[in-house]
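S.K.: Listed below are the residues making up each chain.
Number of protein chains: 4
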Amino acid sequence: MKNITMLIHCRDQKGIIAQVTAFFLSAEGNIVYIDQYVDRENNEFFMRLECELPETVLIDTVRSDFEYKVAKKFNMLWKLYTRSRSLKMALFVSKYEHCLYDLLSRCSVGELKVDIPLIISNHDDLRIAAERFGIPFYHIPVTAATKPDAEVQHLRLLEEHSVDFIVLARYMQIVPPALIERYPNKIINIHHSFLPAFPGAKPYHSAFSRGVKIIGATSHYVTEELDEGPIIEQDTVRVSHVHSIDDFIMKGKDLERIVLSRAIKLHAERKTMVYGNKTIIFS
Amino acid sequence: MKNITMLIHCRDQKGIIAQVTAFFLSAEGNIVYIDQYVDRENNEFFMRLECELPETVLIDTVRSDFEYKVAKKFNMLWKLYTRSRSLKMALFVSKYEHCLYDLLSRCSVGELKVDIPLIISNHDDLRIAAERFGIPFYHIPVTAATKPDAEVQHLRLLEEHSVDFIVLARYMQIVPPALIERYPNKIINIHHSFLPAFPGAKPYHSAFSRGVKIIGATSHYVTEELDEGPIIEQDTVRVSHVHSIDDFIMKGKDLERIVLSRAIKLHAERKTMVYGNKTIIFS
Amino acid sequence: MKNITMLIHCRDQKGIIAQVTAFFLSAEGNIVYIDQYVDRENNEFFMRLECELPETVLIDTVRSDFEYKVAKKFNMLWKLYTRSRSLKMALFVSKYEHCLYDLLSRCSVGELKVDIPLIISNHDDLRIAAERFGIPFYHIPVTAATKPDAEVQHLRLLEEHSVDFIVLARYMQIVPPALIERYPNKIINIHHSFLPAFPGAKPYHSAFSRGVKIIGATSHYVTEELDEGPIIEQDTVRVSHVHSIDDFIMKGKDLERIVLSRAIKLHAERKTMVYGNKTIIFS
Amino acid sequence: MKNITMLIHCRDQKGIIAQVTAFFLSAEGNIVYIDQYVDRENNEFFMRLECELPETVLIDTVRSDFEYKVAKKFNMLWKLYTRSRSLKMALFVSKYEHCLYDLLSRCSVGELKVDIPLIISNHDDLRIAAERFGIPFYHIPVTAATKPDAEVQHLRLLEEHSVDFIVLARYMQIVPPALIERYPNKIINIHHSFLPAFPGAKPYHSAFSRGVKIIGATSHYVTEELDEGPIIEQDTVRVSHVHSIDDFIMKGKDLERIVLSRAIKLHAERKTMVYGNKTIIFS
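Chains as they are written, first to last, in our numbering: chain A, 6 to 288; chain B, 6 to 288; chain C, 6 to 288; chain D, 6 to 288.
For the record, the hints were derived by calculation from the structure and aren't laboratory data. Remember, it's a predicted structure, so these values are computed and weren't measured experimentally.
No more than 20 Å apart at the CA atoms, straight line, and that leaves these computed lysine-lysine pairs for PhoX-like:
id	chain 1	residue 1	chain 2	residue 2
1	C	K118	B	K256
2	C	K74	C	K19
3	D	K276	A	K256
Based on the sequences and whatever the hints tell you, model everything.
M.R.: This is the structure in structure tokens:
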């Protein structure tokens, strides 16, 4: 069988589900997963669907038939993904190693089904981690002087390695607009606070100084507004007055690891859709 | 508009969703919610659907048309509920008052959209709570001698008040088979542990003595196997060595309140389906 | 036995614990709880202690002895509370009834060991709840014109009823400086967001519009900076794209109930100390 | 300064805290952490204390003085640990690699301050992980025939490497009594369920089949009763009917990683005390 995943977005209208499912029925497909969400306020329809198609079916034919027979009628934005290969994920890191090791381990043991063709860093410190897992590591320093050149190198390396999406695993540099434009809703960041509380630098210090009783971490798609992109996943953990800033940081590391890896998994399995500045997350 | 909710269960087959949605399309219906779940291991299909139908449509006609045009074909078990009236919920209590007050308050302020025609108790202690909220209270003592008679009275009262489902809000008596048979998957219990850990009496004492670091509460449909029925909802809270049994009980009360009220809400909104000894919970 | 609770605050110095415990030892006291916290950054010491003293001991003598023999030496700020009576808690409400019913129920069943001498509201809607539990209810409208007069009435009523502390159970008015000054660190508010995210009005709407995956509630002492006072307790719950603003509000109500009641319990049991803009919470 | 950590256990008596703190005061020590717990039901006293002593002080003298001046009087069980070296932790694994990678990463980046002198496994599969982090790996197959010999080898290797404590990171063999006796309360296991629910083999399958809405993981000290030892740490995560057994396993892996690493950290920092079949966990 050929396995496909579809994501569909259009205005809400009568008969969408009926026609989509009828289409795959007529193509001898077996729908193994279907979920939909309707934003009633804005009258928008979203669907995620997994289908097994006979080996003999040509995916290109399915695509053109679907466009012609269904999508045009409802004015759909849609994507059809085959699962013939793993996505290629580039990692950007700086000096914090907890998320990097966590992701390398998860990919190594098959929990995250993505390939990591390269790791890019503005520091050389984490080369050892990359080498342990046999991943090419590119040290590209970023200073005021080298910044424009570094950005060119980044784009070139990402192209060369046919990267599908980028993960900022505690990368301590602001991502330039050109990169965001080239990879729209394909750059995932982990921010070490429960956004929108404590955006920007040193959120654990801010949380400590505010005296909160719970800290969090947030994974989101990167947009030009710093720490303002669509949130994919968040989680929280309790703290108390006995915890120092170092304790906050230590507890936060576990949050960051888990929240980032969950977000990557959702993205890689095509379970996220971005709409406005929000995400729809299919389970 | 007429609002209906449907629950459907059958063997998984091609075309179910297509035909169900096409049916309501042809009936001028507007599907405002649809969710489905397929148990792939056992090849079973489950669906929940909310639909707005034109005022002119006769519900009985919809029922017979659906049976004839769709349900028969797929050999469906199905139910169609109108939302013309609130469900009637009977409360059984003994001496613990926290769940009772919580449910009376939630119904009073409209958080739980059910009517409470009566409260039945084997003790007279909680009459004051019932009176405060103006609910009829029946004190029916249950001793070895009076048990058979009490059961007859229970059934009669439930019939007289046209009760739709029953909630055991910390009712400290075992429910007889006759009642379970009369209200299948319509009796909801709250057990004060994280089942299947610590079934039976005094679970907080058992949890304390085992030295667990987390305690829980479980709401489930009542079956003839004590504390073994299909689980609707659970939740947990952390404890530590500093907490006494009384602290466990106090913390547990909040769990019980929340877990029970969530389960009742799910049941009243027709979001639960029982299958084997498990539940499917639509969100 | 006479039961006392002490809260102590001073600069951290050698020998504090040794001398405090030796003092109560010499007074034939039995220390049943002792906990301390040292803020190493600022070198501040905090202690909470519960002690059983012989019936024959005069509390006033203990107080003067402690001041003379221990407190003076270490330049302590300290308070000694007897547990001879319940604290008197005034409730301020507006139109939201979930927290009010929850607190009335908890006091009624003995979960919260405080007395409620009166409920004050700027609307008359919740009188029914007060009457059900037999608590005096004062409807004092607050408009631009009546505001100064209302504030005078508030202060007078609080004095007349010998109120120890105030709880704003979703009171939709800003508390004036005079009241805050009169009850410093004795006014507890519940804010329906995970502060410092979404301060001010309509936090559920802001959370919805930001697309967060977790919402929260925060209970804090009221200071002149709106929503900026020392946080006593917070909690969070997961939400997703399927939840509407109404769902956020409904889920938030359970958070508000629990977070507020926990904060009140901590305050009433003398387990909170305020230091700077933060709290120390003894377990 | 010399940093020490003390753990003390005795019958609860008047004056313990006063005399212990006075002792360190007279030794020119600076107590930087002190916490105590009294089991009122059984009248037992527990204390954990961290102290900075002058460089000139001889630890052996402190030990003998403490025994003579304080411990004897109260009939204390006590231990004094210096922090001059990291503890040596042996890892036992089989085929599951998630906990192994997680622990190797945490030790490598300094989150867990322990040394790992060796990894022992009954399978050869995880050698690659050990090699990546440069840790000696011993493949010692365990069959009915080789079991007695394997146990001898285990004990010899542990002695040779001066191991302080053992972690079973999903080791799929039952630990023999001789090993437990040699390392009492020094063998930490991770069980992949919320004990006491689902002890024994295949807990995720049992949880799935029972239809629970929350799964958990439990880290405990190993005793001769399988899965019955003192619990150090537990945590839970929500599941629903849409999750397959594989989803349970995947979600459970994150729980196992976190619960096990927290338990190891607590043990390595001397924050655990075992009493009866329960633990006291100092924060």
